[in-house]
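Engineer: So the chains spell out like this:
There are 2 protein chains.
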Amino acid sequence: MEEFTLVKDFAIIMAVAGGVTLLFRRLRQPPILGYLIAGLIISPYTLPIPLVENIDTIRLLADLGLVLLLFGIGLEFSWSKIRAVGLVAPIIGGIEIFTMFALGYGLGQLFGWSTLDSIFLGAAMHISSSAIIVKILRDMGRQNLLSSKLIVGILVVEDFAAVIIIAVLSGIATTGAATFGDIGSLMLRLIIFFAAALGFGALLVPRIIEITHRFHSREALLITSISLCFIMALLSEYLGLSVAAGAFLIGALIGDTKHSKEIDQVVTPVRDMFAALFFVSIGMLINILQFKSFIFLALATSALFILGKILGNTLGTFLCGFTGRTSLRVGTGMPQAGEFSLAIAKTGVDSGAVIPLLYPVVVATTAITSFTTPYIIRLADPITDLLNRRASEPIKRYEASFSNWLHGIRNAFSSRSKPAQEIQHSGRNVLVNFLLIVVLIGIGTSAVQFVDNIATFTHLRPDILGLLISFLIVVLCVPALIAFWRNLRLLIDETIKYLLSRRSSARALNQETLHTIIRGSIMVTLSILLAIWSIPLIISLLSLGSFAIAAPIILLAILIYFLSTSVRNIHSQLETTF
Amino acid sequence: MEEFTLVKDFAIIMAVAGGVTLLFRRLRQPPILGYLIAGLIISPYTLPIPLVENIDTIRLLADLGLVLLLFGIGLEFSWSKIRAVGLVAPIIGGIEIFTMFALGYGLGQLFGWSTLDSIFLGAAMHISSSAIIVKILRDMGRQNLLSSKLIVGILVVEDFAAVIIIAVLSGIATTGAATFGDIGSLMLRLIIFFAAALGFGALLVPRIIEITHRFHSREALLITSISLCFIMALLSEYLGLSVAAGAFLIGALIGDTKHSKEIDQVVTPVRDMFAALFFVSIGMLINILQFKSFIFLALATSALFILGKILGNTLGTFLCGFTGRTSLRVGTGMPQAGEFSLAIAKTGVDSGAVIPLLYPVVVATTAITSFTTPYIIRLADPITDLLNRRASEPIKRYEASFSNWLHGIRNAFSSRSKPAQEIQHSGRNVLVNFLLIVVLIGIGTSAVQFVDNIATFTHLRPDILGLLISFLIVVLCVPALIAFWRNLRLLIDETIKYLLSRRSSARALNQETLHTIIRGSIMVTLSILLAIWSIPLIISLLSLGSFAIAAPIILLAILIYFLSTSVRNIHSQLETTF
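Line by line, the protein sequences give chains Y and H. Note that our numbering gives residue 242 to position 251 of the first sequence, counting from 1, and the numbers run on in steps of one. Note that our numbering gives residue 191 to position 200 of the second sequence, counting from 1, and the numbers run on in steps of one.
No wet-lab data here; the hints were simulated from the structure. Do not take every clue at face value.
No copy is singled out in the list; a pair is fine if it fits within one copy or between any two copies.
To be verified - In the DSSO-like style, the derived pairs of lysine-lysine whose C-alpha atoms are separated by at most 27 Å in a straight line are: (1) K249 x K126; (2) K488 x K409; (3) K252 x K126; (4) K283 x K252; (5) K387 x K409; (6) K283 x K140; (7) K387 x K488.
Just need the whole structure built from these sequences, with the hints factored in.
Structural biologist: Listed below in structure tokens is the structure:
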């Protein structure tokens, strides 16, 4: 009867998973936490006698689970969801992704991890769990709130970004280190892959689904969808990308066909079962004996993840012109790690290129945030109410006028009048120049990675080279900064004029005060964001030592001076006006 | 990238299975045939370079598939379906199961296989595929016909019988040979198992399902159902029974809870996917190079399976008082081997106790009958019409009067009038005495298996012992035969009286003619059935040689004499009357 050992393993896994998740549902905790803990319970590290015999087979099955899980997320992903929120989701998502990536990278460096390890931690931290968050919002009856629509939009942006990031990272992880040639070949493969996926998708997938649908058989739809999913996963695997990326993309392609609902219905149970297996097997990989070695790292990661996510998303949403309440709801709705973070950790650790400790840290972060999310989501409204009650009059006025101004910009983008068009024009210029600065910092960051190579080639000291590169970046940024500044002033002038002509409430403040306050606030916000996003660059410069340290110190001094003057200006304006 | 080999295997299996079944659906063939052929195509025996690497893992997954497949059949099984057809389904099912078992056993002996091998072939041949037949009937829009309801009822009876047979057989197979002690211990385990299943089922299952249902989560329902399924499969495995039996029983228990529909919806896709994997893996086990060694056996098995199923079910249905048309529809609806036959073959071959050749023979039979079923089902009505047109007047009259009489009995069983009660009384006596004869033959058959043991113990020649046993059976049958004969006469008398009093059409024949015709027909039918059911006994006696051959020869002579007189009587009566 030896051949039925897998049935036994399966019975044990499903029984423990079923029992623990029922208990967790009762305790109103998300099932993912239950699965992870079920895995921890039956882990060979936890039990003296291993309950599950075919651990390797279960791990192989978990791979299928990962593919089906991301396929399912792809199925639910749709362009219409992004379109429903408009340009706002990519902007908030972009701000948040950069912030989380920089924070995660910085944290990895703080742990003393290598560059690649830190990049993987940053990648794992940039993304929230669509599956869990959407489920919690639905369970709370909040799915129709504006904030929930924004959250779903941001999640979709994150998922899509994650697919690209996983593809790039698994490329880097398999080649070990990244050289320019590697990245070039990787980019080429990515382009081929996306072109193949889109070509395959646009031409073949709808036809295959249509032919299958004609048989009016749910079984046929299921088998066809799953085979398409695995073919695509395999294709992306052959191109050196990840199975996850392929599964997600084909899911998104099938999700765009007109029978996506039926397919979703038949695929969901299969995905749920394999996902359970995936999460349990993830839990099983945790060595409880090493608890001490990862728990502090995991707690630090979780704390930074939660704070970073709340801050990044609240700030991003607020900057896009939504009220403080909505912004805080979006911010508190996001700090939940999940399937994509685990996929990224798995991709890295399985390839052997990344520190194995990444695994338990990400798993524990997923577990901890699964536990905290329901409470944090409920905090948004009480905090907003508390702030409204406790805040002093000047601060309330400040928030109202700043929010009014941002709202004015957003409105201007949906209008076609003459002043609105001018606002749109300068708004785009502000955005473009800001992006230019971000891109320059990004290029500088990757250039610093090659300082050692260039140093041996040019016989220059690495720290001096680092200093040269950072000054070069600053110099290159100057034109963009000037254009940014000029357009920001224009934008502020025009929006205030526009607001004054339409809203009587804005007239309570005089124009000069408004100018100072808004300009100051924008500069403070963007400086903080830029500072966070420069963390990888600064850390790289610091590691070069001696002269290279000068650049970050000078930049920091400028930043502090700048922030303090801006804040002081805003403060004095508020004092004198009210 | 080694860890993704299972994803590759899965992609290949699903792609080939998906492609082939789409083609087969197009050709209007059942998908099971497609899966088997897909398996044959990617079989390591077929391809020079094996496409699928983790064959062992795929086989382990196929075990999960078998469990889920039988769980799904159990879910669809329900007592209400049996109740809808009444007592008729068990009677037809019983007649057919005995017939097929005897024919299959005889065929196995003809192939020169051992007793155990022949028993397994008989067991594999006794059962039709619920999954395929129900699907074909639904596809043809026939699900509401009386014949289709009868078919479903018979299928349910077969499934339930199969669970007991698999449990007994897997017990026998693991202990190798069957001794009285083994069978005793097996029966004890079976009783414990059924008691545990029913206790567990009645007390726990509805509560667990109810608790799970409260969370309004399809995922929770799915995980709970699947864990119950695997726990039960494991339990039955531990008791030395088969995983299939446990999965089917728990399925039937869950199918009786009030949320069975929702559970069926979520379990179906998971079952469909694993079933596809199961059928493909079955196909992969076929060695195409051994094609010559099994194809003739498979063709013989298929031919006997198709003929036996049509004959047994048509005859059984007709005997239960349905029209010739309905009977033929039921008969032609049944010859389709499927999942249970494969499960029985797998149980036997995997245990190592049964000839490996059984596997390809049963698989090929499943494939061949999958191919023939749609055509055979469509034959029923044309054949009935052809017979109606071509049959001579006496035969039509004969069929009409016999059918009227049987219909009269069936009606009497649903009435409470005085004559009806007398018919019921004698009808029950006829049935009980007939069953007594069947049981005596059954006991004699198993007794003959131990002739060699008894012979060495008593120092008697085995053939003389065989002769003694068979005469003992005949002697023991005498009282039952007398009671049978007397009650049959009573039954015929009373039914004819009853019919004459209610139906004018029956008056066209005089009473004496009717008596002879009906008595003769019943005796011919039952003699043929008894002769078929005695095949295992006769074969066993023949194998003892010398004197033991006397018994079958004498019995055969009696049978032939009896049949010829009965047929001659009926014929002459028909000649003189019409």
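Engineer: Is it within, between, both, or neither for K283 and K140, if the alpha carbons may be no more than 27 Å apart?
Structural biologist: Cα proximity of K283 and K140: none, with 40 Å in one copy and 65 Å across.
Engineer: Classify it for me, K252 with K126: is the Cα-Cα distance of at most 27 Å met within a copy, between copies, both or neither?
Structural biologist: both (17 Å within a copy, 23 Å between copies)
Engineer: Is it within, between, both, or neither for K488 and K409, if the alpha carbons may be no more than 27 Å apart?
Structural biologist: within (12 Å within a copy, 104 Å between copies)
Engineer: Is it within, between, both or neither when you check K249 against K126 at 27 Å Cα-Cα?
Structural biologist: Answer is both: 24 Å inside a copy and 26 Å across each meet the 27 Å cutoff.
Engineer: Between copies, within a copy, both or neither: which fits K387 and K409 at Cα up to 27 Å?
Structural biologist: Neither, since 32 Å and 96 Å both go past 27 Å.
Engineer: If the cut is 27 Å between Cα atoms, do K283 and K252 qualify within a copy, between copies, both or neither?
Structural biologist: Cα proximity of K283 and K252: none, with 46 Å in one copy and 48 Å across.
Engineer: Quick one: K387 to K488, C-alpha cut-off 27 Å, is that within a copy, between copies, both, or neither?
Structural biologist: Only inside one copy: K387 and K488 sit 22 Å apart there, 102 Å across copies, limit 27 Å.
Of the numbered hints given earlier, the model fails hints 4, 5 and 6; all others are met.
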